[in-house]
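**Student:** Which chain is which? The protein sequence lines are A and B, in order.
Per numbering that gives the first Met the number 0, the very first residue in the first sequence carries number 0; after that it's consecutive.
Per numbering that gives the first Met the number 0, the very first residue in the second sequence carries number 0; after that it's consecutive.
Quick caveat, the hints were computed from the structure, so don't treat them as lab data.
Fair warning: there could be bad hints in the mix.
Any copy will do: because identical chains look the same in the list, a pair fits if it lies in one copy or spans two.
Said to hold, decoys possible - Keeping only pairs whose Cα atoms sit at most 27 angstroms apart, straight-line, the calculated DSS-like set for lysine-lysine is:
1) Lys-277 with Lys-6
2) Lys-404 with Lys-277
3) Lys-415 with Lys-43
4) Lys-277 with Lys-415
5) Lys-404 with Lys-274
6) Lys-136 with Lys-415
7) Lys-6 with Lys-136
8) Lys-136 with Lys-404
9) Lys-136 with Lys-303
10) Lys-404 with Lys-6
11) Lys-43 with Lys-6
12) Lys-303 with Lys-415
13) Lys-6 with Lys-415
14) Lys-43 with Lys-404
15) Lys-303 with Lys-6
16) Lys-404 with Lys-303
17) Lys-404 with Lys-415
18) Lys-43 with Lys-274
19) Lys-274 with Lys-6
There are 2 protein chains.
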Amino acid sequence: MAGAGQKDRALRERAAAVIPGGMFGHQATGMLPDDYPQFFSRAKGAHLWDADGNRLLDFMCAYGPNLMGYGHETIDAAYIAQMQVGDTLTGPTEKIVELAEALTAMVTHADWAIFCKNGTDATTMALVTARAHTRRKTVIRARGAYHGAAPWCVPRPAGTIDTDRAHQILCDYNDIASLEAAVAEAGDDLAAIFAAPFRHDAFIDQAAPDPAYARRCRELCDQTGALLVVDEVRAGLRLTTDCSWSLIGVQPDLSSWGKCLANGHPLSVLLGNDKSRKAASAIYVTGSFWYQAAPMAAALETLKIARETPYLAHLDALGTRLREGLEARASAAGFGLRCTGPVQMPLFLFDDDPDLRKGFCWSSQMLARGVYVHPWHNMFLCTAMTEADIDMALDAAEQSFAVLKREGPTLEPVAKMAFLVASGQR
Amino acid sequence: MAGAGQKDRALRERAAAVIPGGMFGHQATGMLPDDYPQFFSRAKGAHLWDADGNRLLDFMCAYGPNLMGYGHETIDAAYIAQMQVGDTLTGPTEKIVELAEALTAMVTHADWAIFCKNGTDATTMALVTARAHTRRKTVIRARGAYHGAAPWCVPRPAGTIDTDRAHQILCDYNDIASLEAAVAEAGDDLAAIFAAPFRHDAFIDQAAPDPAYARRCRELCDQTGALLVVDEVRAGLRLTTDCSWSLIGVQPDLSSWGKCLANGHPLSVLLGNDKSRKAASAIYVTGSFWYQAAPMAAALETLKIARETPYLAHLDALGTRLREGLEARASAAGFGLRCTGPVQMPLFLFDDDPDLRKGFCWSSQMLARGVYVHPWHNMFLCTAMTEADIDMALDAAEQSFAVLKREGPTLEPVAKMAFLVASGQR
Chain A
0 MAGAGQKDRA LRERAAAVIP GGMFGHQATG MLPDDYPQFF SRAKGAHLWD
50 ADGNRLLDFM CAYGPNLMGY GHETIDAAYI AQMQVGDTLT GPTEKIVELA
100 EALTAMVTHA DWAIFCKNGT DATTMALVTA RAHTRRKTVI RARGAYHGAA
150 PWCVPRPAGT IDTDRAHQIL CDYNDIASLE AAVAEAGDDL AAIFAAPFRH
200 DAFIDQAAPD PAYARRCREL CDQTGALLVV DEVRAGLRLT TDCSWSLIGV
250 QPDLSSWGKC LANGHPLSVL LGNDKSRKAA SAIYVTGSFW YQAAPMAAAL
300 ETLKIARETP YLAHLDALGT RLREGLEARA SAAGFGLRCT GPVQMPLFLF
350 DDDPDLRKGF CWSSQMLARG VYVHPWHNMF LCTAMTEADI DMALDAAEQS
400 FAVLKREGPT LEPVAKMAFL VASGQR
Chain B
0 MAGAGQKDRA LRERAAAVIP GGMFGHQATG MLPDDYPQFF SRAKGAHLWD
50 ADGNRLLDFM CAYGPNLMGY GHETIDAAYI AQMQVGDTLT GPTEKIVELA
100 EALTAMVTHA DWAIFCKNGT DATTMALVTA RAHTRRKTVI RARGAYHGAA
150 PWCVPRPAGT IDTDRAHQIL CDYNDIASLE AAVAEAGDDL AAIFAAPFRH
200 DAFIDQAAPD PAYARRCREL CDQTGALLVV DEVRAGLRLT TDCSWSLIGV
250 QPDLSSWGKC LANGHPLSVL LGNDKSRKAA SAIYVTGSFW YQAAPMAAAL
300 ETLKIARETP YLAHLDALGT RLREGLEARA SAAGFGLRCT GPVQMPLFLF
350 DDDPDLRKGF CWSSQMLARG VYVHPWHNMF LCTAMTEADI DMALDAAEQS
400 FAVLKREGPT LEPVAKMAFL VASGQR
């Protein structure tokens, strides 16, 4: 059986001594079922192996960075070749120019690029660029939307202070009235409207962007002189090679990208149009590794594959097969399973499951059958997955639904998810 | 002649179209002499090659990350081996535990580690940890000290707003009276005192930490319950393998590390003692690539070399040879050259040179002779340098002093440094 085996438990014990809480951030497993492994030992293509050697079909894809498959041969070869020539140097190499050219050619709204390491670097740079461009302070973002882990946007506020989030107004995603109210509240001080490409908040159903909402964001920015920021860090390159809102005919002024841009090698970027080029050259943003050439070489190879292969159609076909197969099997077993979001980035939530006890049970059963799914965070497909992988996952799902049906009436409450019920989030 | 050759100029032209201002951050060459190259093509050991193929003995070492030599064979082999097994995954590997164990064993004050990518991530995490631990807001830092490029600390404020820097008090480095006044001003709200290991601000002489000042920082933190943060991002591993203030008998509560921790591979870390372990487990900090195993494997190899070789003595001998040789040659040529800071991280400033025209002329002459020095930022030595390299640099220096002596009386003002004179910084 997969899950927290002996080696995983031994590593957790050692980690508890030298890492606060045993692990930090989004890859801490404290909010996952207890049998989920905390540590992994290797990965290839669509699969990863936990510390105890259990092979898992991985529907998290490193929370996004794995787009073209783990250990992709030509991408990693490009990384290594550039590393051996020159990587972190006293200045950039020509790769930074080549990659900025490739991105501005690929993304409709983009005239320029500034490279960084974290997705949070790119979203924070968008904030600073918009404030520098407009010489105003107020930004609007959607309640519950994740734009990074810096004090101005982090969802769990311990250690941050009120002033970190000063001059921000929250609205509700896809709710034009709340957006308009926020803009009215900002008055003549609106610097930017931030938007996720679609609603991909944790714990709740995902939602496609309402084209009317997206257009209204654009109109309100045009009317006020504020900049429209679309945060592509999570979704970028999975729905299209352009900015995601291109699919609904809306171009932002700034877009932040990261995660799978170099297929798991550390790189993120802020793209912008000419409107804010001057402001972007006036701000001071930098990092020790932001000019690193090897991740840029890997990104160039990733983008080449994106341009030259029908990877998007492949992801769409896999995702559709997964969703349709799951819905049919859930329904046959008598469960209401909501598969929301784009099929390439799905989230599965059970009906009538406020503390996720059904979701936890079903996910653990999937894990035991070699399929790593997440019970409350959107997942990610990668191009290394095959129809056979999806069918294997669907077989596992069918068996897991059967176990859930048998055990459902006796499932214990999930104590670690009680906060969800208490907070009224579900 | 080295400098901005034809290929460099062509790349600058392309960069100007797709990167705001042609380049961003600390590796933009706008504030360097005009003949300094913006782009590089490769590196090995102590040398790098600019885009036009000029070979340069590099005293910037990528602004710090190159400690053991560019393209270090066993460090890069460790990186590649781990990359091929598993790098950015759905969770961490055992490398994160091994590295946290190695760092807490090496650094006296450290009981725990949280890994990240930028130096700024680590200093920001220190800020948030201290505020979470103390449930207070105010932090004290030294005027002019660089602790990163986030809105709370960035030295050039374009695009940031007043609230980004709320609840901060500035003092003067090594000035106990100003430190005590800042602590008094903080009253019962002091969360942390930030300190650089030594004064390594740009444009001015570096200064060793006054042990009495360091001890007073510690005492005031102990009296108030605030945390003492030593920001080792720039200096870490170059003066000692412990925290730099260990050399003067003072242990911080938190220390931030980055740059050369993995010899140029992207990794930084916040280390802390048990006092703030609970707070550090309560804050939410994360990044897409923070669990990356390959840089951790490279860091383990870097630390192994640090433990097992006399690299510190080698750096000290090289640095002493450089400083003594330079001072003798400057003096023989009739120049007052102030070589300040630790010899492993030197800064050279000419007497009577308010707009750096002497420094710019001499640095350009060094560049033309194959030696890359920086006219106003501290430099870095690496272990791949040899006595022969230092002697070659000293020969170049002697010739460059001769040119400066000849051309000094007719040097033009350095327009791009006029701000220094205007601001009274020099």
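**Student:** It remains to establish, for every hint, whether it holds in the given structure.
**Tutor:** Structure-based check of all given hints:
no.: 1; hint: Lys-277 with Lys-6; verdict: between (53 angstroms within a copy, 26 angstroms between copies)
no.: 2; hint: Lys-404 with Lys-277; verdict: neither (60 angstroms within a copy, 40 angstroms between copies)
no.: 3; hint: Lys-415 with Lys-43; verdict: neither (32 angstroms within a copy, 51 angstroms between copies)
no.: 4; hint: Lys-277 with Lys-415; verdict: between (48 angstroms within a copy, 19 angstroms between copies)
no.: 5; hint: Lys-404 with Lys-274; verdict: neither (57 angstroms within a copy, 48 angstroms between copies)
no.: 6; hint: Lys-136 with Lys-415; verdict: neither (38 angstroms within a copy, 30 angstroms between copies)
no.: 7; hint: Lys-6 with Lys-136; verdict: neither (50 angstroms within a copy, 41 angstroms between copies)
no.: 8; hint: Lys-136 with Lys-404; verdict: neither (53 angstroms within a copy, 51 angstroms between copies)
no.: 9; hint: Lys-136 with Lys-303; verdict: neither (39 angstroms within a copy, 48 angstroms between copies)
no.: 10; hint: Lys-404 with Lys-6; verdict: neither (32 angstroms within a copy, 68 angstroms between copies)
no.: 11; hint: Lys-43 with Lys-6; verdict: within (20 angstroms within a copy, 39 angstroms between copies)
no.: 12; hint: Lys-303 with Lys-415; verdict: neither (43 angstroms within a copy, 40 angstroms between copies)
no.: 13; hint: Lys-6 with Lys-415; verdict: within (24 angstroms within a copy, 59 angstroms between copies)
no.: 14; hint: Lys-43 with Lys-404; verdict: neither (33 angstroms within a copy, 62 angstroms between copies)
no.: 15; hint: Lys-303 with Lys-6; verdict: between (39 angstroms within a copy, 25 angstroms between copies)
no.: 16; hint: Lys-404 with Lys-303; verdict: neither (46 angstroms within a copy, 54 angstroms between copies)
no.: 17; hint: Lys-404 with Lys-415; verdict: within (22 angstroms within a copy, 73 angstroms between copies)
no.: 18; hint: Lys-43 with Lys-274; verdict: neither (42 angstroms within a copy, 41 angstroms between copies)
no.: 19; hint: Lys-274 with Lys-6; verdict: neither (54 angstroms within a copy, 29 angstroms between copies)
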